[in-house]
Amino acid sequence: MKTKDVEKKKAALSKRFGEAVTVTLPKDGILEAVVAPPQVVEVLRALKEDYDFHQLHDLTAVDYIKDNQITVVYRLMNLEKPDMMVVKVPLDRSQPEVATATDVYPAANWLEREVYDYFGVKFTGHPNLTRIMLWDGFEGHPFRKDFQAFDQAPPDYDPFETAYVDFSEGRLQLTDVSSNGNRGNGSPRTFILNFGPQHPSTHGVFRAAVELDGETIVDLKPVIGYLHRGLEKIVENRTWAQVIPYTDRTDYLATMNNNHVYVLAVEKLAGIQVPPRAELIRVLMAELNRIHSHLMAIGCLGLDCGAITPFLYVWREREKIYDLFEMVCGGRLLTTYFRIGGVARDLPEEFLPCLKKLLTEMPGYIEQYNNILSGNEIFQMRLKKVAHLTKEMAMKYSITGPMLRSTGINYDVRKVDPYSLYSQFDFQVPLGKNGDAWDFYWLRVLEMWQSLRIVWQATEYLEEMGPGPVMGKVPKALKPPAGEAYVHIESPKGDLGCYVVSDGGPNPYRFRWRPPLFINLQSLPELVRGWKIADFIAIFAGYDAVMGEIDR
Amino acid sequence: MPDVTQGLGAYEVIVGWLSGFTPHWLAEVLYRVGAGLLILTLISTLALVLVYILRKVMGHMQCRLGPRVTGPFGLLQTAADAVKLMQKEDIIPTNVDRFLFILAPYVVFFSCGMIFMVLPLSPTWILNDLEVGVLFFVAFGSLASFGLLMGGFGSNNKYSLVGGMRSVAQVVSYEVPMVLAILGAVMLAGSLSMHQIVVAQEGMWLGFIPKWFIFLQPLGFVIYFLCGLAETGQTPFDLPEGESELVAGYNTEYSGMRFALFFLAEFGNLFAISAMATTLFLGGWHGPVFSFLPWLWPFVWFMAKAMALTFCMMWVRSTWLRFRIDQMMDFAWKILVPLSLLNIFITAGEVAIIR
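Here the protein sequences come in this chain order: A and B. Everything in the first sequence is counted per our numbering, starting at 1 for the first residue and increasing by one. Everything in the second sequence is counted per our numbering, starting at 1001 for the first residue and increasing by one.
Just to be clear, a hint being listed does not mean it is correct.
Said to hold, decoys possible - Below, simulated DSS-like cross-link-like pairs (lysine-lysine); rule was C-alpha separation at most 30 angstroms, straight line:
1. K385(A) to K1158(B)
2. K81(A) to K10(A)
3. K1334(B) to K385(A)
4. K320(A) to K1334(B)
5. K532(A) to K1056(B)
What the hints assert, rightly or not - Away from chain B, derived, C-beta distances all over 10 angstroms, residues of chain A:
6. N237
7. G306
8. L312
9. V445
No wet-lab data here; the hints were simulated from the structure. Cβ coordinates follow ideal geometry from the N, Cα and C atoms, glycine included.
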């Protein structure tokens, strides 16, 4: 039935747009449309309004230097069905220019800035087309294949000067504000407070310039890029197998999940079979890591509301999970356990008993957090009915993960697009109702219970299955055939995607990480406007932001 | 041998002894200087002990051990911290309002020290039993917020400014229910003198219930304790220095000894509030006096009660979290103020029955 649908859609699209759109159906069943640049906005609008692709899943670009093309790749998603569609727009490499998609999909804002930053693609009509990761004085666009890495001098100007630029969008004008207060022409009631990048509750190096009226937030401008390491660029110079440690360093609280999406993508690209035992171990590890990530999320949320003790409680269980990781791979924070074609080594003998001990203890620990944190009246007062995330807003900003589910949209990649072995596990997807900070928090607690169920089942399956190989047949020097693959998984933070393009060589031609947090974070200003400073901190903690993933 | 469990012995005894070999005016001056030094020492020592206790208590509540390396059981840790703070460079940022910036920690510390002057630690150990002791306590308790605002404003830092403003808003709001709660105790005792209030709580009902005011007005005690938490900026009212929001609030720009003064005052106030609650509601120094060192026991009881309350504050600190600013204000004006008024009516009825 699904293929029939796709065929129908394909025919309708070809008929409607004629020559401008070429629709193909690659073997993974995701409809792909190549659109001529002038028609992009029109096609996107039609896809959104008539074909229910409400969400811009991803927007990126690939530099095909041999064809003299930079191809902008739009990935659209219909969350209800669920259905995905790819729109590719080949642009002339010497003068890449395309109309902005921000009018159709507001989430395209930062994504287009990122593509502009990396590839120099001009999105005409974009509200604020400036660099987002690299600094303003940077010359050239590093992801172009002819970019020379070492002809750049480091910036020679005072960093304080640059701290006050890049605010042309919206109403915040930091230049109007002197250190002694508001001497500009702005409203005298408000003043601007600069949160971060060094601040106790910015979860790394997030910076927000906040316009305050007393304690109330009038406007907020997120500034990111302080932890940008150019991971996506670095891996273009590594072999396929060498990429795995780099994926650890994006969202460093969910390393196994990051490994997972990358190896799945490469296996899909190269057509590598994975032994079932290895796949089972992967699911087990990924779910353990989800528990770990959510532990940190709820602990930090408590800490940001002023509760110190729950944070140290979660630290205790975090250690136990880290001990398990250490047992299987030696690493604790950065595990690098998964391999293309399997996992690095089989589980040691003492692993399963230790895991079972943790699993039996864990419900008691979660009850402890509920006693000290969730049940606290002040905590509930602080979070309930704070920040109202509606379904429309979640769609508008392409929000995924627990935040999306807090609005009541039932979208969990493990359920709707089962990857790995998830279709064989019995678990539920907890949903929220109000889309407030409490739901952001509470869903994470509920998801930990579900992850525990999955880990239990995985343990049982493992024992039933008995020993077996954990590595598939992978050539020593992996050279996947030219082509591309996209895999997305449910990471603790949201819908994490990995887009790999191969030119048949030993290195990835293009490696794109779809960072859920980067895309979620665009909604922050709208979510916190009108709330108090303390609410902003709580809401931001609800994103569970890890700057390593946002800035990459 | 003078009866040391009754009356105010210290002033006459010491001044009389000093007058023996110095002119009377010098004796008076020396007594006051000595008293000041005593308070200074008391606050510093108390702060050191309290910080150590806090770290141990919170440590054990948070599945860790607290300081245990420096000295036996880590006892010297806070002393080492104090030495470190004293050695630190005294940094005054360029663009601060120097006058306010320098003055602020002293104002805060001074107000804390003045509170200690009227605390009746034992029948003989009260530095100055003022007729209006309670009023004096309230007045100097709220003076601290001036210091915090000065620090916040003078720092020329927006976090500090917001912290200072929060602190003033908080102290001004919670002063109202606090004074009303204290008023209940004052009505029962019929005096504003700290000493008289404690004396009024002497004896037992039915031979086993101590005549402490907490049994007559438990509501007043709860309100006072909550307001005390707010006055000293303890969790859940630690908004002025809420770390996750304002970095460190009013003392963001302070370091070294200036920061230590804020710190000392904070812990001094922590104890002062507990001591005041002990005086007003828990019968002050009253408790069984044994024949062994009879003059020491009142002091021991007082400290035990005050420390128990301080422990409760630490308990709250490691369990609860912070209010939001509007919730904090709502709590003061919509809940505590009506309740404290109710408390006054109840107390008035009790006074009518008892007298």
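So, going through the hints one by one against the coordinates:
Note on K385(A) and K1158(B): the hinted pairing holds, with a Cα-Cα distance of about 28 angstroms set against a maximum of 30 angstroms. With a CA separation close to 17 angstroms, the supplied pair K81(A) and K10(A) stays within the 30 angstroms bound. Our distance criterion of 30 angstroms between C-alpha atoms is met by K1334(B) and K385(A), whose separation comes to about 20 angstroms. Under the criterion of a C-alpha separation no larger than 30 angstroms, the hint pairing K320(A) with K1334(B) is inconsistent with the structure, at around 46 angstroms.
Annotation: proposed proximity of K532(A) to K1056(B) is violated, straight-line Cα distance about 34 angstroms (limit 30 angstroms). Separation of N237(A) from chain B is adequate, the least Cβ-Cβ distance of about 40 angstroms exceeding the 10 angstroms criterion. At roughly 3 angstroms from the closest C-beta of chain B, the C-beta of G306(A) falls inside 10 angstroms, breaking its exclusion from the interface. Against chain B, the non-interface label of L312(A) is violated: not every CB pair exceeds 10 angstroms, the least being about 4 angstroms.
With 10 angstroms as the threshold on Cβ separation, the claim that V445(A) sits away from chain B holds: the shortest Cβ distance comes to roughly 16 angstroms.
Checked against the numbered hints given earlier, this structure breaks hints 4, 5, 7 and 8; the rest are met.
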